[in-house]
Structure formats: C-alpha cells, structure tokens
Amino acid sequence: MSFEIIVCGGLAPDPLQTLEPVPGPALKNEMMLPAVFDPWAAHALYEAAHLAAQMPGSRLRVVCLAPKAKLQQVMMKMAQKLPFELIPLDGPSNGFSDAGPTSEALAGAIQALPDVDISRLLVFGGWESATRGAGVVMQMVGERLGITEQFLAVDEVKVDAGALVIKERVEGGQHMVSRCAGPPAVLAWATGSLPEPPNHPQTGMANMRTMMPALQKAAAVAPANGVAYHEVALPKVQRETRIVKDLSAAEIARELATWVKE
Amino acid sequence: MEKILVLVHTDEGGVLPRAALETVAAARSLTGDFTIGVFGEKAGASIGSLAVEGEAFSAPRYATDAAACEAIVRKAGATLVLAPNTFRMARCLPGVAARLNGAVDTHAVAVSHDTEAVTVTRWFYRQRMEGTLAREARPWFILIEPGAYEAAEASLAAAVEVLPVEATTRTTHVGYVSPESGEQTIRPDARLLFVAGAGWTKKQADGAVHTDEAGELILGFVRTAQSSLGSSKSLVDLSGEGQTVLPFLTHLHQVGQTGSTPRHRKGLATCCHGEEPHVVGWRFINERRAVNLDPNCGWARGKADVLYVADAFEVMRELNRLI
Ligand SMILES: Cc1cc2nc3c(=O)[nH]c(=O)nc-3n(C[C@H](O)[C@H](O)[C@H](O)COP(=O)(O)OP(=O)(O)OC[C@H]3O[C@@H](n4cnc5c(N)ncnc54)[C@H](O)[C@@H]3O)c2cc1C
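Chains as they are written, first to last, in my numbering: chain A, 1 to 262; chain B, 263 to 585.
If you're looking for bench data, these hints aren't it; they were derived computationally from the structure.
Among these hints, one or two may not hold up.
[What the hints assert, rightly or not] Covered stretches of chain B, going by a simulated chain A footprint (3 or more residues, C-beta under 8 Å): (1) 318-326; (2) 427-436; (3) 562-568; (4) 574-585.
[Said to hold, decoys possible] Which residues of chain A face chain B? A few of them, derived with a C-beta cut under 7 Å, are: (5) Leu19; (6) Val22; (7) Ala134; (8) His230.
[Stated by the list, open to error] Keeping only pairs whose Cα atoms sit at most 27 Å apart, straight-line, the calculated DSS-like set for lysine-lysine is: (9) Lys28(A) with Lys81(A); (10) Lys28(A) with Lys236(A); (11) Lys528(B) with Lys261(A); (12) Lys528(B) with Lys236(A); (13) Lys245(A) with Lys465(B); (14) Lys528(B) with Lys245(A); (15) Lys464(B) with Lys245(A).
Every residue gets a Cβ at the ideal spot worked out from N, C-alpha and C, and that includes glycine.
Could you put together the complete structure from these sequences and hints?
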C-alpha cells in the first residue's frame, strides 16, 4: 500500500516580527517582512514525510499559494528538511485574503495535476493558518475534490490493515479516535508529534533542482475576495505593567494568594 | 431581510454544549426571528424545530455531520447560519459552506446587524489584530467563539420536524482518549490559567536543574487551585529533544501562536519569558500576572498587569502553602 500525499501550506510572517495593519487592509511593509512556512502546515509536512517513508512507493507533493519571491526564500529553508516536490502558485497569501477562493485555487491546482490517483490520495494541511486563523481551507479543498472523509486538528495517524486510525483534538484536552477505511481523505493537522527535521544541505540541493524551475513557471492566480473589511486595528489596550522588584517571595505569595482567591 | 438559522449539535447523551446556548444568545442580539436546527444524538428532543437524528448522526464524523447540516440549512432556506465554534462544527461547516456556494467565517467574537449590513468581528494573525467585516455571499456561516456571549436560556421546541437524511461514510467513530500521562490541560470552568515556561527546567542559581521539584510545585498548585495548566512552546518541545522535562506536559498544553488561546479571567505565568508568539495565546485572559527573574522579560513590556521579579521556585513554595 502506498499513498499520494499532497500537503497544502501557505506562508506566514515570522511570529517574532511586529505586525501592523494598514488600509487595504494589508500589513505594513508586508513584502519586507521575513516569512516562514505556516507552522501548522509545517507539522503536516513533517508528518506527511514520515508517513511516506513508512509506505514505500508513496509520493509527496506540496501545493503552496504565496507571492513567488517570498516562496522562493522560504523554500530555500524548507527544501533542506525533507524531500518533496513543490507545486507553487503565485498569488496573495495573507490574513485578509479570502479562504473560499484560496481553497478553489488549491483544489484547482490539485485537479490539474495529470497523474493523481485519487483512490490513494491523502490531502494534508494545517488545521488553521497563522494568518487568517480560520481553519476552513482544508475542508473546502476536500469538498471541491469530492472527498468526504475529513479530519480536523489531527495529532496522529496510523495505518492499520489498510485503514487509517486517526486522533483529532477535541474539547477538554481530549483526542477523538476514528477509523477511516482508507484514502481518499483530508487531514488538517494540529501539532502532531514530530520535531522539526534538522537541515540537510544535500536534500536541499536535490530539491532545488526541481523547485527552481517550478517556481519560475509558477502560474499567477488572483483569487477573488468576497470580504468587505470595515475596520482592522491593533488591540487598543496596552497594559501598564507594575514591576515589583523588592518584595520577598513570601510577600509575593501572599499577594498572589489573595489575587487568586478574589 | 436575512433568514437566520441557529445550527447546533448535541453531544453524547443528547446534551447541548454550552457554546450552543451562547450561539442562541448571539442570535437574540440580532434583530429578527430565527429558526433553530439541531443534529446529533436525541436532536429531536432538543431546542430546535428542525432536527436530524439517528444512529448515523450521533457521533461526530465529517460526512454525516455535513449531510445533516446541509439538509437543515436547505430546509430552513437560511441566508445567515450562526453556529458554535466547537470542534464538531469547525470540522464540518466550512465544507457545507463550499457545497452550498456560500461563505464561512470562524472564531467570531461578535456579530451585529445595523441597518446596512450584518458584520462579524474576529481576530487575525493569531489574535494580534481585530477586524470587522461583512460579506455578500449567502448562505453565510458564522461560527461563534465559545465564551464570547453569555449562554441564553432556551426551552425545548414545541413542535419538531425531523428531517430524513441519507449519508454514507467510510469512517467509524472509535471513542475518546486522554493523552498519555497528560495532566489536565484547559478546564473550561477554571477561573485561572497557570502557565509554566521553560525556565522551570533551566539551571538555577545553585548551578543545578530541579525538574522534580518544579513538577511537584506546578502540579501542587494546579491541583489545589483547580486551575487550567498551560505551557510555552519551548517547554513542550524539550520533550522532543530528549532533555530532562516535565513528563506531564504535552503539545496540548501549549498556549500561543501554534497552541491554544484559552479564555479565563486570570492568568499567572511562571518561568516564561512572555515572548510575542506565546502571549498572543493570552488574548482572552483578562488579568495577567507573571513571576520571572528577568525584569526586562516580555511581560514587563505591557503584556502583564503585574510582573514579580523573583524566583518562581521560592514564590510557588510559599504560594502552595497558602492556598
Ligand atoms: C513559528 C513559531 C511559532 C511559535 N509558537 C509559539 C507558541 O504557540 N507558544 C509559545 O509559547 N511559543 C511559541 N513560539 C516560541 C516563542 O518565540 C518562545 O521561544 C517561547 O515562548 C519561549 O518559551 P519560554 O518563555 O518558556 O522559554 P525561555 O525563552 O527559555 O524563557 C525562560 C524564562 O524563564 C525565566 N526563569 C528561569 N528560571 C527562573 C526562576 N527560577 N524563576 C523565575 N523565572 C525564571 C527566565 O528569566 C526566562 O525569562 C513560537 C516560535 C516560532 C518561531
């Protein structure tokens, strides 16, 4: 048994950067901000590579919609982590772009691949982006591909006698366990359990041989935006921090105990 | 004129999640009548006048839940669908929106209806900025973030139409498990979130690490105070790197950019630096205090109300004696 795994992932601004909205809405100096591969999509990718390695004959591809120049920067890093093929789409990818049309572009790119065997297809992605944070794109991609076995906030998948045994996060810090008879399925990942793979320059070089031409040929897409923004602003409250330096541990504990019980 | 549907599900035993009643409150805050639709176990004996129930629809599964929701939305002829942002709804409704050529917005913290348009307020960039938006596409599915509204009272529906729905799926529901060795993560009813940072596992003033005592202090507090337990990413990641760690912490405890954004009245951070990717997870914590040795840590810069510059080991030893 082998899988066709396609991971959908976008980019996000490096979380250590200061973000400020400007009219549009957009981010101030958006094109200058360093970007990272969207963190939950990155977890999906690590899990996908792990699964592909366990199931010989599996193929791993990544569909990514983002401005080409940024994609190129981010892929220089991601390409060093594990082997995969990149299907780049050149277009807007930020928190204010619309999830519905984004999912249409991603599903369209998957449908346009000449050699996808849908009976072996697993579509992976992050369960939410670090930009829109909506958690809706993967389900819409699945619908558009006609896949009705879908899982959200996945932390684990195991293959058992051809079936997928999947753990999804649910309320109360628990996992829900489901058994899916097999592909096709959509798995939108939470954190999973794998650490970030170390960089491996040879893998990077091998990946870049196919990624650079793919990036050069990346089709430009301009998904529609059905959202009318009335206002986007930073939260108004900045706290006045009281910095307490000269209390003993016992005094602090008394103050905290009163506060906790209030 | 919008046709509003409140779409909710029952949980095991036919119980409505609290978030369902909060969604009813959100609908009442808008002008106009609304219909309630319910699916899941014993949905026919709940607050909805439209229901989908039966064995196939009891457990959460995308294919069956989506089919149930689709049928209810079609029957109601809804243009605006308000639903609680539970995992079950978050899994199935975006796909239903795509199926019906509509649109969807999640994590809504407010929905309002002025003379011109319905607007939704939600956060972007992991709680770093807030926006208000409107859409023309219908049906528009709006998932209301749990905790954003006070739960409303709702009585059982006087008359219920149970809709016949066919759905096939290749997925079977197996059950629920708690993470191995996991200590309680988020207790929705707790008033306090206690966050442990990586500092608990670092070398202390005596040049040694004290993870055993750290574990006892943290668990001692969380159990007595009945608080939620959260963690920073650095601390939960350490386990993946084979360092001496606090074995009861998992990724489910992680608060922040790639963790959770829990809702509590108060939060106490210990041995946690208060970096932006962590603190975005504190957006819905009203009163914030931190204990850190570093007077220049992130909390000092407008991220906490009070920063105690002190050794968290000493403070927590004392605090555990007092509570
Ligand atoms: C893509 C991405 C996503 C991220 N997502 C998240 C996320 O979701 N959540 C998250 O938390 N982080 C996230 N981060 C990481 C984040 O940037 C920080 O690295 C992390 O939060 C730091 O954790 P920490 O404060 O526990 O550890 P450290 O930065 O190591 O801080 C330890 C603190 O402990 C204090 N300390 C040590 N000993 C004591 C003592 N005895 N008493 C009192 N204080 C003491 C030190 O002064 C220090 O401030 C993300 C980063 C990236 C790049």
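Do the hints match the structure? See the list:
1. Counting residues of the segment 318-326 of chain B whose beta carbon lies closer than 8 Å to any beta carbon of chain A gives 4, which meets the minimum of three for the stated coverage.
2. Chain A is given as covering the segment 427-436 of chain B, and this holds because 6 residues of the stretch bring a CB closer than 8 Å to a CB of that chain, at least three being needed.
3. For the segment 562-568 of chain B, the stated coverage by chain A is satisfied: 7 residues place a CB nearer than 8 Å to a CB of that chain, which reaches the threshold of 3.
4. Judged by the Cβ-Cβ criterion of 8 Å, the segment 574-585 of chain B is covered by chain A as claimed, because 9 of its residues qualify and three suffice.
5. For Leu19(A), the interface hint holds, the least distance from its beta-carbon to any beta-carbon of chain B being 5 Å, beneath 7 Å.
6. At its closest, the beta carbon of Val22(A) sits 11 Å from a beta carbon of chain B; the interface hint therefore is violated under the 7 Å criterion.
7. A cut of 7 Å between beta carbons decides the hint on Ala134(A): the least distance to chain B is about 5 Å, and the hint holds.
8. Residue-level restraint check for His230(A) holds (minimum Cβ-Cβ distance to chain B is 4 Å; threshold 7 Å).
9. Restraint check for Lys28(A) and Lys81(A): the C-alpha separation of about 30 Å exceeds 27 Å, so the hint is violated.
10. A C-alpha spacing of about 18 Å is found between Lys28(A) and Lys236(A), which places the hinted pair at or below 27 Å, so the restraint holds.
11. For the suggested pair Lys528(B) and Lys261(A), the alpha carbons sit about 11 Å apart, so the restraint of at most 27 Å is met.
12. For the proposed pair Lys528(B) and Lys236(A), the alpha carbon gap of about 19 Å is at most 27 Å, so the pair holds.
13. Among the hinted pairs, Lys245(A) with Lys465(B) is consistent with the structure: their alpha-carbon atoms are about 22 Å apart, no more than 27 Å.
14. With a C-alpha separation of about 21 Å, the suggested pair Lys528(B) and Lys245(A) falls inside the 27 Å cut-off, and the hint holds.
15. A C-alpha spacing of about 21 Å is found between Lys464(B) and Lys245(A), which places the hinted pair at or below 27 Å, so the restraint holds.
The structure fails hints 6 and 9 (numbered hints given earlier, in ascending order).
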